[in-house]
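The residues making up each chain are set out below.
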Amino acid sequence: MASSQPARKKRAAAAQLALLPMAITVLGVYIGTVLWSVRISFSSSKIFPKNDFVGFSQYERLFATERWTVSLHNIAIFGVLFILACMVLGFFLAVFLDQHVRGENVLRTIFLYPYAMSFVATGLVWQWMLNPGLGIQAAVRNLGFPEFQFDWIVNQDKVIYTLVVAAVWQASGLVMAVLLAGLRGIDESLWNAARIDGVPRWRYYLSVVLPQLGPAFGTSFVLLAVGVVKVYDVVVAMTLGGPGNASEVPAKFIMDNLFTRANVGLASAASTVMLLTVLALLVPWWYARSVQSRKLVHS
Amino acid sequence: MSAVVERITPPVTAPVQRKAVHRKSHFTPARLGLYALLVSSAAFFLLPLYVMLITSVKPMEEIHLGRLFALPSSLTFEPWVQAWSAACTGLECRGIQVGFWNSVWIVVPSTIASIFFGALNGYALSFWRVRGAGWLFGVLMFGAFVPYQVMIYPLVRTLATVNLFGTLGGIVFIHTVFGMPVMTLLFRNYYAGVPIELFKAARIDGGGFWRIFFQLMLPMSLPIIAVAVIMQVTNIWNDFLLGLVFAGRDNLPMTVQLNNVINTTTGERLYNVNMAATVLTSLLPLAVYLISGRWFLRGITAGAVKG
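For the record, the sequence lines run as chains B and R.
With my numbering applied, the first sequence covers 1 to 299.
With my numbering applied, the second sequence covers 300 to 606.
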């Protein structure tokens with residue numbers, strides 16, 4: 001027994017060594033950079049970081065900047081519409097596909113393929129289709145509707161909705177796939193029992209299926225919400241924040257201020273706000289999950 | 300031995316396909332409506348792909364007619380050739396192929412490195428007791444949700460001080476680091492399904508940390524490695540932000556180059572060339588998606604389902 005003791009220790013040392021890259025990543029990248037960013041947000045840094053302390057003045061400046069408030073406004077509209085539309089569309093597609101339809105595999109492949117495409121490609125395709133001069137508007141006018149108007153991408157009040165359309169096209173297949181997997185986990189004998197009781201199909205879906213899909217909806221929500229906070233590529237590719245600053249988003253505001261406007265302090269304040277928003281979304285979710293798993297352990 | 304491993308290897312199967320026992324053979328009006336909805340949804344999803352493809356084979360004169368959905372009356376593959384080898388970004392006109400090869404050089408080492416570290420972390424976390432490991436893992440999972448914007452500036456400064464900023468090594472490092480949370484989670488969950496007895500037996504046979512990892516765990520991880528490869532190749536290929544910031548002018552990935560070709564051109568915009576370039580950039584992830592089928596989804600949801 002005594003002879004195996006040093007050997008065991010050596011092995012533990014190997015495990016420690018193996019986890020060193022992870023430890024460095026966690027401490028250096030995930031914790032270190034976040035703290036550094038937060039620190040910069042309290043300084044007057046312009047191009048280069050400064051070590052002074054100016055309190056919350058970058059934050060005051062931030063919320064007095066119109067581009068930022070427009071960005072927040074836009075991401076709120078985008079986030080709500082995008083998540084809602086993806087959920088609704090994804091749910092209906094999943095329910096439709098779950099009716100023993102022919103060609104289910106082909107349809108599922110069609111609904112999900114946009115998710116394999118990059119946001120850049122997505123943005124560029126939709127930019128081309130929505131081009132007022134040569135895109136959908138021109139095509140419909142040529143079909144004999146000369147009054148047809150669909151110039152949202154160059155319209156300050158409507159441009160944000162074009163981003164929603166492109167993003168929903170890209171991501172609703174994901175919700176479909178996640179919910180379909182959830183639907184397949186529901187015992188079909190429940191429907192048989194409901195049918196015998198004379199329950200209509202829609203009522204069965206509303207009262208039996210929907211509540212059981214809770215975890216699948218949760219998964220979809222988290223995946224989509226993380227995507228909302230990160231929205232950047234599709235905006236750069238599709239509208240570049242324009243016309244004017246009508247389609248600016250927080251992630252783009254931060255990038256612009258970091259790399260082209262040399263406002264590192266302001267950008268760091270904005271990224272700190274972004275981080276706090278993510279935390280506000282995540283913490284309740286994690287809490288709910290941990291409560292749930294504790295319940296499972298006790299029962 | 301191999302039979303044992305085969306039996307206890309956690310299954311990596313897609314959701315169970317429910318057998319269509321009650322398939323109705325007759326068509327009711329409701330059924331027709333169902334198919335009508337499904338087909339029109341499919342049309343909505345296919346429309347951009349269709350537009351992309353037909354635009355890319357139309358001559359510019361035809362595009363100027365403004366018939367977006369019309370099939371080309373004269374077919375040309377010149378835009379594809381031009382997109383691949385002659386499209387301009389700024390003053391340079393060597394086509395999108397430059398970005399293609401840059402992306403290949405970024406994706407291959409980044410995928411290998413991120414999967415290696417994911418597997419190693421997952422293995423060490425599942426079978427070995429290391430002080431503070433659980434805590435580190437918790438923070439790492441949180442890291443998966445931190446917006447890149449929060450970390451970018453400090454990372455730029457750090458990489459610049461060690462001369463890695465704007466190099467291939469720099470962008471590979473960044474992808475490895477940012478891929479680590481999901482990769483670690485993927486492998487940790489996979490190894491959690493491996494019976495501890497197998498590991499104990501390997502220990503009794505005298506296997507050390509690395510030997511058990513390389514000769515036992517890695518060979519039986521092939522299914523999850525496949526999922527990880529699908530996921531990382533698609534994600535890293537489609538990345539725009541990190542490549543834009545960290546790769547440097549000589550290594551810009553295909554997505555960044557594509558955007559430069561289309562959104563920074565001066566003069567006449569060649570929509571057919573643009574669409575050909577967009578298709579070319581999407582080709583690899585689409586091929587991965589079509590070939591991998593259900594495994595594709597497993598990767599995407601792994602992070603959120605079990606995290």
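Read the hints as simulated data drawn from the structure, not as lab findings.
Hints should not be assumed to be uniformly reliable.
[To be verified] Facing chain B, from chain R, some residues (calculated, C-beta under 8 Å):
id : residue
1  : S339
2  : A341
3  : L367
4  : W383
5  : S384
6  : F416
7  : S425
8  : V429
9  : G433
10 : N488
11 : N559
12 : L585
13 : I590
14 : W594
Even for Gly, the Cβ is constructed at its ideal location relative to N, Cα and C.
Tell me, in ascending order, the numbers of any earlier hints that this structure violates.
-> 1, 4, 5, 7, 9, 10, 11, 13 and 14
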